[in-house]
Amino acid sequence: MEIINGERLVLGTCYYPEHWDESLWRDDLRRMLENGIEVIRIAEFAWSKIERYEGVFNYDFFDRFLDVAADMGMKVIFCTPTATPPAWLTEKYPEVLNANMDGVLYRHGGRRHYNYNSPKYQELTRIIVEKSASHYAKHPAIIGWQIDNELNCEKNEFYSESDTIAFRKFLMEKYGSIDALNEAWGTNFWNQTYNSFEEVYVPRTTLSNNTNPHEVLDYTRFVSDSACRFAKMQSDIIRKYIKPGDFITTNGLFGNLDNQRMTNESLDFITYDSYPNFAYCLDAYNKDNFLKDRMWSRNLSEVRAVSKNFGIMEQQSGANGWNTGMAAPTPKPGQMTLWTMQSVAHGADYVSYFRWRTCTYGTEIYWHGILDYSGRDNRRLAEVKSVHEKFQKLSEIAGSKYEAKVGFLKDYDNAWDSQLDVWHEKVEWKSQLGIFEAAQRTHTPMDYIYLRDDVTAEDLKPYSVLFYPHPVLISEERKVVLEEYVKNGGCLVLGCRSGYKDMYGRCVMDKLPGKFAEMSGVDIPEYTLVSPDNKDIVIDWDGTKLEAAVFNDQLVAVGEHAEVLGRYENCYYAGEPGLIKNTYGEGTVYYFGAAFSEKTAEVFLEKLGVKDPHNAKLEIPETCELAVRKKDDTEYCFVLNYKDAEAEIHVKEEMTDLYTGEKVSGTVVLKPFEVRVLK
Amino acid sequence: MEIINGERLVLGTCYYPEHWDESLWRDDLRRMLENGIEVIRIAEFAWSKIERYEGVFNYDFFDRFLDVAADMGMKVIFCTPTATPPAWLTEKYPEVLNANMDGVLYRHGGRRHYNYNSPKYQELTRIIVEKSASHYAKHPAIIGWQIDNELNCEKNEFYSESDTIAFRKFLMEKYGSIDALNEAWGTNFWNQTYNSFEEVYVPRTTLSNNTNPHEVLDYTRFVSDSACRFAKMQSDIIRKYIKPGDFITTNGLFGNLDNQRMTNESLDFITYDSYPNFAYCLDAYNKDNFLKDRMWSRNLSEVRAVSKNFGIMEQQSGANGWNTGMAAPTPKPGQMTLWTMQSVAHGADYVSYFRWRTCTYGTEIYWHGILDYSGRDNRRLAEVKSVHEKFQKLSEIAGSKYEAKVGFLKDYDNAWDSQLDVWHEKVEWKSQLGIFEAAQRTHTPMDYIYLRDDVTAEDLKPYSVLFYPHPVLISEERKVVLEEYVKNGGCLVLGCRSGYKDMYGRCVMDKLPGKFAEMSGVDIPEYTLVSPDNKDIVIDWDGTKLEAAVFNDQLVAVGEHAEVLGRYENCYYAGEPGLIKNTYGEGTVYYFGAAFSEKTAEVFLEKLGVKDPHNAKLEIPETCELAVRKKDDTEYCFVLNYKDAEAEIHVKEEMTDLYTGEKVSGTVVLKPFEVRVLK
Amino acid sequence: MEIINGERLVLGTCYYPEHWDESLWRDDLRRMLENGIEVIRIAEFAWSKIERYEGVFNYDFFDRFLDVAADMGMKVIFCTPTATPPAWLTEKYPEVLNANMDGVLYRHGGRRHYNYNSPKYQELTRIIVEKSASHYAKHPAIIGWQIDNELNCEKNEFYSESDTIAFRKFLMEKYGSIDALNEAWGTNFWNQTYNSFEEVYVPRTTLSNNTNPHEVLDYTRFVSDSACRFAKMQSDIIRKYIKPGDFITTNGLFGNLDNQRMTNESLDFITYDSYPNFAYCLDAYNKDNFLKDRMWSRNLSEVRAVSKNFGIMEQQSGANGWNTGMAAPTPKPGQMTLWTMQSVAHGADYVSYFRWRTCTYGTEIYWHGILDYSGRDNRRLAEVKSVHEKFQKLSEIAGSKYEAKVGFLKDYDNAWDSQLDVWHEKVEWKSQLGIFEAAQRTHTPMDYIYLRDDVTAEDLKPYSVLFYPHPVLISEERKVVLEEYVKNGGCLVLGCRSGYKDMYGRCVMDKLPGKFAEMSGVDIPEYTLVSPDNKDIVIDWDGTKLEAAVFNDQLVAVGEHAEVLGRYENCYYAGEPGLIKNTYGEGTVYYFGAAFSEKTAEVFLEKLGVKDPHNAKLEIPETCELAVRKKDDTEYCFVLNYKDAEAEIHVKEEMTDLYTGEKVSGTVVLKPFEVRVLK
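Residue numbers (the UniProt record's numbering), protein chains in the order written: chain C, 1 to 679; chain Z, 1 to 679; chain A, 1 to 679.
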């Protein structure tokens, strides 16, 4: 493949040849190449450019453009246009539209207003993809394909009639009989019992917005399934036509979608759209958020959970904003480079800026590209060129992998249950943010690992410590993998509320923590949300005071290997155990009876001996991120300064600066937004 | 009757025998009985358990369950299942559904998604109630019936087509002719004149959400009428079948419903669902609300206004919460007992905990019962047992009545008008809270009395002082009752805005305070809302500064018996009278030109000599509530400590502690959440 | 004409003879006349009074009323009743109703629930207007007509099917072909291309609420066009029948409506509805807003932009409030007079109080008139009488014009674009408020001037300085007018973001500030919203620190006449030019790279020598407004004290107090809310 091939870092951009203007095209492509951009993505919303009238296909426009690109030496990623059905299509076939829960259709004019399950839309999609792929795939300028654009962006809930029909089919396949569904969804409650699948719908408007939670969980799985099937339908067609070595991808990472499954089924690799400047949107800015744009390292870690090496299809290159919202300032000098290197540090080997020129019309007139409206050279283009020069120097890191000894276990079942269940959500979000921020502040590289069906204890072995803060839903299979990981010497850290639901999201009629009882050596006779009239519930762990946030399980140690490490210090359960360590096989399980705040998570990192593993080499202030990519035995240390102020780091062992090739040691000062890559 | 019979206090619980598991049933019933629970409520959402397919009735499940109950010696309250129509029903007959104002139907899956006026739903309701009552009513385990569940909960507005048709009928009966309706509703305004009843609808979507206020008032009366008719339809059927001594009730106290009428027409007594832990919901917690869970004493006083003795069908026994909201902590040790005794103190002779086990599926997985998911014995079950033991000791208070010398007059016309009229609402809510909180803080027992058509001056006589803070709407009949009460020596306290509307909610084209002019000796040439650029408007009453909150009537004393007691101290009406006392017959009327804040209300209690009437016996801190039940000449004093801290009371005359049978006097320390019952 | 005739100031009121009660009518009219009210407006919602059943017309009611009015000597403004279609009409023809974007119809019962484009409503409107005008126009009591009531109030967006059909017609006329529309709207973006006008709709529900911004701009123009056509349809009919000298007007000034066009096409003059007490609504009160009710001077300046002399059809005379909201206190003694004089000071020669009696039913029971519900004499009626006496003294100012040397340029294209574009909105609102407040505080009279097609450089010449803070959209024609104004010696002050869009709202693919480049001598290589992590960006202008609010253009001076006056002091563009002065012909253009805060605007007023032009005569505290009306050479200075406190002014040259006829000089103390008119 031309990109993500382990050979070098590549720069690209998103290009919109909207009008037939060859001299403009040539001029643009020439300027891109001069500034180090060698790949462009095109055509992701261009359905009408190819099929302006139903069944009438015209390839002239992109034929010509691709010839120009080939002539100039520009490589092209070509897109299927299914994210934006044309006006003629939605006007003639309104059944393809998505709707809100009340049944109001989302109309033409925005993006992604279609539903995945409309037979008519699937038919029209198959036609346009088949026509496009069969016509263009052999063109020498093309190096790969993007399916659709940002699947599940804009809205990841679907309420059309086609969705109800497809949902019934999904449920029939899952449950076989309506009584099995009744049992799984607990329809005894509030007399929800169904007599046939015909009585089941996607969630509809109900009083107090109370759709059965087990239904909503299955519905979310169904939405993900629908998106995956839609992507695969396109991928299967494109595969028939593409040249050897050309790739298929799609971009973005959105909710209610199992990105691993989609990638496995349909893509060669995944790409992400990274806009850290969202942190500076005027209406969303949170001055108390310590991480701000550095939060995007979390998103990049999510992408890395899908694939260790990946691409950035859209990397921020200007101010963001729609005419209707999301207004943000222009990136300051250095920020574009910082955010590009943030992507690379986490595993991106391809970075494509969104977009070359800023659009002068439509909703996205403020979603700036590299160039402003006039198209003249500017500061940001100069920054692109300097990134290109840096990429040349960093070439050897292509194909290296982000290196972490701490893992954070996740799974879609818990993620989606926490969306529909406010008790689950409260603990989940506290710990998600707490553990991530603690790892960031302490320069402890951390991976996310999704506990999928194909994950084995062997896959988990590289991690000295695994946080799985709130595995509320747990299956027998996953439990067995975790037990094996621990038995073989692993260290698993669990938080409150573990194991109280089955995979349908029903509570277990059992002692808690359910399936975790044995490995954790814990029994939970009582529990409570932290009352709003109490605050700062504290657990004492050998003299260290841990905040016991959000929820408190009152624990009892069970079995000879279970040891009470910490006890609550206040409220009516003062003196009760709140932290238990269980030796299980060769390993250990820690059960902490609350959610993990950032301070609490930092104590765990420290006490478990995994905090700041590179501090023998590098001493870095907490305002800088440390990310390490490794290939063979070489470690590439990225130090990223997110602040608009200088930062001082200490290089304790002599290292090589990849930008300059020079040796560095001792105190090094990073300029505002500066990044250093040291090996 | 087995409960509310003046003989003893009885404990119950709500039970959900969802699966046919006789050994579980027997085990549960045995454990209940061992812990003092002798009544269970069942089947309130169980329509599909009896009629899973339309017209196919199967009684096996509850036949067997009732036999088991009878065998174990458990008494049963059986419910009609109409709160939750089955899926087959709403799928086949969508006309039974309620809708929002825009016409979007509320679909299957929640609760109470039906409308009262659908002829089809009424027909199907009659069938299921007839079938259930005729089949089960003779069963020896059954002691009474609950109609539906929480009428008007979830939503107390109805916008289906059936509602419009029924509303027209209601209006035709009320007005006779469309011109009478036009006159009553002032349809001259904004050209709203109707030519026929066919042009009238339940409130529909209008610009700026402005439905004619007189229509909304009648609509609210119509909603209440609809609910009452629906309850009576069921009650009339059940009455035909029940055993002698068995009762009919329903539960809860919700908006837009004349609970007195419903009780008189259809019930033997009313029961309430008491969840004081709502005060500790995470999203609703108000740390500045002094009363918190003690606010539920207000709700209990509302129940008592319907019936001096009543039951609690659902009493909080665990944390509350739906998966979609209302998350609250687990009740602390002692709170369950405290809230139970709060119910008893206000007149409950039957208390049934919601629920035995916590449901493991559906929306209410966090609405905890006595037992958690596992069903094992726990702290809260132990607390139930101790309540049972206390109930044994309190047996003699059954049938005694809450005793108050201060009354607070209410009526539904004003309550409902204050919902639709923000000026009315502002004064109403200020005074509702102010007077209640003043009574609570000063340990002044107070009753609510609804000024219904059957209330006479004689009924009011027991009250030394009656507050009727803002009788905006007043009828000639009610005026006469009040005049008679005062003439006979009563003391009536009125606040601002009295009497400026007629019973249609139209303002009177008359001097204010309209019908109250004569009895109050007041004329009101000017009035104003307290301007947001003024604050703390004060009236001086013999040197005491009264806050004149929200609204200011500028008064003039009329007649020889009217005396100016207080004058405004600031704003452009400084010096104008704000408080007038009128001697009227043997009694007095106080007209206060503003709303009653808590401090203001306390001054009235004090100056009118009704504050803290039991202070010769008991001296209690303001953090404790005092409630007194009386039978014959015995006064039972409940002292309830709502705080998670000790409280010190002083027993000035020797009294007997009913729990221990011991004499107590002098200083007594109440533990956190502790209750003492002294006689 | 009887009013707005340059001869005298006239008082009126709005009257609602709702019931046939001649003695009440006579009594009311007599009392009005006794208190100086000589004109009444009637019948604006009275459709059913004339056509209660479709096609059945009955003129008796107003025939009789007009005879009584004539008999009493009262002059009448008669209204067309189209603001409130009758129930029979909307029931029979629901297609006349307006709808929300989701298609939900706005139903009978409020106001203005119709749409302008329904052929059926237009037909029924033509009939009722023709019938009314042909029957009543000759009546001697009538002096003029009001069309409808408050066009575009309640809601100024229309989503009915008739609107879509009319919108297509509007677009066909504007663009001729669908491809011209595609080009103008940039439908290339997000594949929005249309193949025919049949595919185009008024804005519909879209995901993320993103309708094409160029479409929304045209849609807003279409709404304005629809309202103007609707008014003209009525005006054309009425003109056929009215007596010589009788006038046609309408009332209010609402959004999405080109009031100048409507006035030019259909009216003799415009009238406004002035309710400054909105500033004291309980829910909207902003104690930090310095101007409060004085903000209504801004609205009055907008009216004056339509016509130098105008009327007030509804002037606040009591508390405002609907039963559903907008609750406000009663005007304090003096405020009614203050607000009346505020209207007069800005150009009103006719002032009509809303309303005589307060309505006792319907939504507006709290929208108080002069009299309260009882109708008896009161303080506010006495204030009307005193206003009448003052009007006698002020008679000579009738026909005089508000006098200002500072102008504020506006146009509807920019106003409407700023509604749909949050970046535009942010700068627009900052500067709108900043410049207005600066002018008010510094007693610098200021006019609004709408840069319409018929405005010439000559029209602008009287203004020494013109602010045109953010002309984002600019046409070639307007540019030429501005250039000519400057060349001839004018001074034009521009702010950031000038000229970056064309008249379709598309960004120009050109250097910024686009069409302003030449006259301003400015180039803008970079720009940014002020980042939320920076604050207080400052430009230094000869030692004066200017706040550079909201947005920062980084400027470069171009050409020999351009001079850098100010530079940014902070952020990454510290040192870059932020203020450039260009000499252009005989005049100058100032380009300021940010929005104008109040402090910044004050500096401009000062540095450009136009601040406080009357300070040689009068020295006034900033809490008082100064407004000057001029006739021939006489200047009438209105000094208005908006505070509930005394204010001290200094009369430096001897002047005459028009109320008293006395000479005044030196220190004069104004009582709370007092107004002085000095010449």
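Hints are computed from structural coordinates only; laboratory data are not their basis. Accuracy of the hints is not assured; some may be wrong.
You can't tell identical chains apart in this list, so a pair holds if it fits in one copy or across any two.
Said to hold, decoys possible - DSSO-like mimics (lysine-lysine), calculated; alpha carbons at most 27 Å apart, straight line:
id : residue 1 : residue 2
1  : Lys287    : Lys535
2  : Lys643    : Lys535
3  : Lys461    : Lys611
4  : Lys671    : Lys292
5  : Lys169    : Lys671
6  : Lys663    : Lys487
Here is how each hint holds up against the structure:
1. Lys287 with Lys535: This pair counts as both: shortest intra-copy Cα distance 24 Å, inter-copy 12 Å.
2. Lys643 with Lys535: between (33 Å within a copy, 16 Å between copies)
3. Lys461 with Lys611: within (18 Å within a copy, 73 Å between copies)
4. Lys671 with Lys292: Answer is within: at 18 Å inside a copy they meet the 27 Å cutoff, but 48 Å across does not.
5. Lys169 with Lys671: The answer is neither: 58 Å in one copy and 60 Å across copies each exceed 27 Å.
6. Lys663 with Lys487: neither (44 Å within a copy, 63 Å between copies)
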